[in-house]
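The listed protein sequences correspond, in order, to chains A and B. Using this note's numbering, read the first sequence as starting at 1 and increasing by one per residue. Using this note's numbering, read the second sequence as starting at 1001 and increasing by one per residue.
By construction, these hints were calculated from the structure, which means they are not laboratory data. Check each hint, because a few of them may be wrong.
[Unchecked claim] Interface residues of chain A toward chain B, partial, derived using beta-carbon atoms under 10 angstroms:
{"id": "1", "residue": "17"}
{"id": "2", "residue": "19"}
{"id": "3", "residue": "22"}
{"id": "4", "residue": "39"}
{"id": "5", "residue": "64"}
{"id": "6", "residue": "114"}
{"id": "7", "residue": "125"}
{"id": "8", "residue": "127"}
{"id": "9", "residue": "131"}
{"id": "10", "residue": "133"}
{"id": "11", "residue": "287"}
[What the hints assert, rightly or not] Sample of chain B residues lacking proximity to chain A, with all beta carbon distances greater than 10 angstroms (derived):
{"id": "12", "residue": "1086"}
{"id": "13", "residue": "1201"}
{"id": "14", "residue": "1206"}
{"id": "15", "residue": "1209"}
{"id": "16", "residue": "1354"}
[What the hints assert, rightly or not] To give a feel for the contact side, a few chain B residues facing chain A, derived at Cβ under 10 angstroms:
{"id": "17", "residue": "1246"}
{"id": "18", "residue": "1247"}
{"id": "19", "residue": "1251"}
{"id": "20", "residue": "1279"}
{"id": "21", "residue": "1284"}
{"id": "22", "residue": "1310"}
{"id": "23", "residue": "1393"}
{"id": "24", "residue": "1407"}
{"id": "25", "residue": "1422"}
Each residue gets a CB set at the ideal place from its N, CA and C atoms; glycine is no exception.
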Amino acid sequence: MSALPRRLFQGERAGYLFLLPAAVFLLITVGYPLFDTIRMAFQEVTLGTLSRGERPFIGLANFESVLADPAFPIALRNSLVFTVASVFFQFIIGLALAIILNEAFPLRHIFRGLLLSGWRIPPIVSGTIFLWMFNYDFGFINFFLEKIGLIDEPVRWLLNQDYALLTVILTNIWLGIPFNVILLASGLTGLPEDIYEAATVDGANRWQKLARLTLPLMKPTILATLMLGFIYTLRVFDVIWVMTGGGPVNATEVLPTLAYRESFNRFNFGEGAAISVIMLGMLLVVAVFYVRTTNEEGM
Amino acid sequence: MFGIDIPLPDFWVVYFFIFWVLVGSTAAPVVFRHKGHHPLIGIVVGAAVGALSGIAFTLLLAALQPLADLLDDPLASILVSIVVSAAIILALLAFVRRFVPESGGAGPRAVEAAGGPRAPVTYSARVDKVDPGWQSVQALRASVVIMLAGLTLIPVIWMAMTAFKSYPDAVASPPKVVFDPTLEGIVTLMTKRRNLDSAQIAEYEARDDLNWADRIMLKSGKAIIGQSDYVKRLRNSLIIAGTSTVLSVSMGLLAAYAFSRFRVPGEGDLLFFILSTRMLPPVVVTIPIFLMYRELGLYDTHLGLIALYTAFNLSFSVWLLKGFIDEIPKEYEEAALVDGYTRLQAFRRIVMPEAVTGIAATTVFCFIFAWNEYAFALMLTTDKARTAPPHIPSMIGSGVVEWAAIAAGSLFFLIPVVIVTFALRKYLLRGVTFGAIRQG
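Just chain A, same shape as in the assembly (with noise of 0.2 angstroms):
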């Protein structure tokens, strides 16, 4: 090795020589788009102005179309309907499937790695599952549901206005139960037993250590758990699109959707961008709050 690379090689400087590829790759892949869509929804971008070459300022006149866009407002509603819902939904079958699952029993050990193995199944597999097994003349649930007597007649689950987003949350609350499960688990076991014995000593019974002991000690993950648990769900594409591509109508439009309908169907690229920014705006409320809550508990 010759001498240079030796001296940069040596010392506290280093760190920066091992961190330089990984830090320019991410300026030009993650940093400059991102930068570049904040810039863009202050602009005009259309296909128009792109075989021109130009790309004008027009303040906020993006902020203001999609504002005027009767869309907006249900993608808007649909996208916090959805997130809130399967967030919640999530996170109590989560940490009930958690609490059982911490608890000795046998298999328990094989049964946690499948729930598990099911956190990576690709949404785009399952979305395709269920929007079989939702089908109106031979899906699965129709069947089911009638068979079980819920039903009398079968129900258009992804036709239906009325019922559409209802089935893509159900599919999505399905969808991140393992992932809430792993989190919750992993909080559970890091719990210090002796307080429990304590408790047992104590005359406490399950439900008031449930409420007493777990819940308060879980506080971090489970702060944790839901805000991760916003930040995926807001932004979920995939399923949705799969499913039924924002319809009917409108009534699965979720801002994701709607930022993709916006710049690759109708290719006004700035409007996109202007819905991105509004989502990012929404990230960001939800980031501070958790760095503000976990902050103030000193932990």
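Guided by the hints, dock chain B onto chain A, whose structure is given.
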């Protein structure tokens, strides 16, 4: 093939049959082990007890059918049957517990009874956990959990079954549980076909140069005329996922080493920036990337997707690998540096071999991400570099929907993912939380 053809039987019968067998075969061995027998006998006896209860359930349900018709409420008869068969299995288990003789062999009780020393408790240190009653209750709870979990697995099982159904079976209503398995779906997925008229079918059947796939398609009157696009898409998926994984793991390894071993100014902020890239909604960065790629001629190229997947995996691999490198004692390298190794040599000869588990886990997770990714592939490719995920829903698009082929495509796609995740479940957590949750 076998000519079997049974529609979905009564759900409750199947479910409770399996449930009682499971309960029996987990609860009974506890009793048998406690009395000094081999637990295997217990499993057999328990399964028989469970099967008896299952039969009782089935008979009851059938006997109560007139009642259900009368009341126009199927749930009542189901509930009654559940309660009665539960009572039956509990009674049978209690009977087994009461009347199975103590083993004459060297079980713990036998030695004790003969005035020998109390046998040491080896399978659990906690006295209350040795009690057979407690253990039976645990076994019962396990059965309940497993059966509930079984419900959540139905979608995946259903898909796996559909992959081996013929087209009429796949869309049959009521759905079929037992059916003639066929590879038609898989062949449909992999090939392009054309329809034959009856004369051509006869002509084809006379030929002897047909392989097994040709014969399967011939049964439904079709001839294979070439490979489908799916084969090409799978190849693209492999190339793109493979290359981007190698790139992101190697760059991530260097960066993780830097974060772990050097004092990097603003380390926290940098790490947070890297983390946040992973959380961005894909559509946010795709718009500028789409425009950029059009300018650079990277649209619909392997290189374009590789670069993007590498970037998104980089955050993941840095965070994951940093955790693994943090666990390697710093003293190892310091000793090597004193011995005259350069930083790079120390990294290569000391750190890399120690971190090999972490590198393997990271590699696999990065590969899965790239393998699963849908949104970028949909927006940034059309044909030449298109990967498999956007191909599956595109088959739903128009005309006759080949559900069996779609299920087969999904299954192929899913199997490697599930196997790998199951094998590496120990390391799963580090990747998802990005340190937001510390592992106990």
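Tell me the hint numbers this structure goes against, listed in increasing order. 5 and 17
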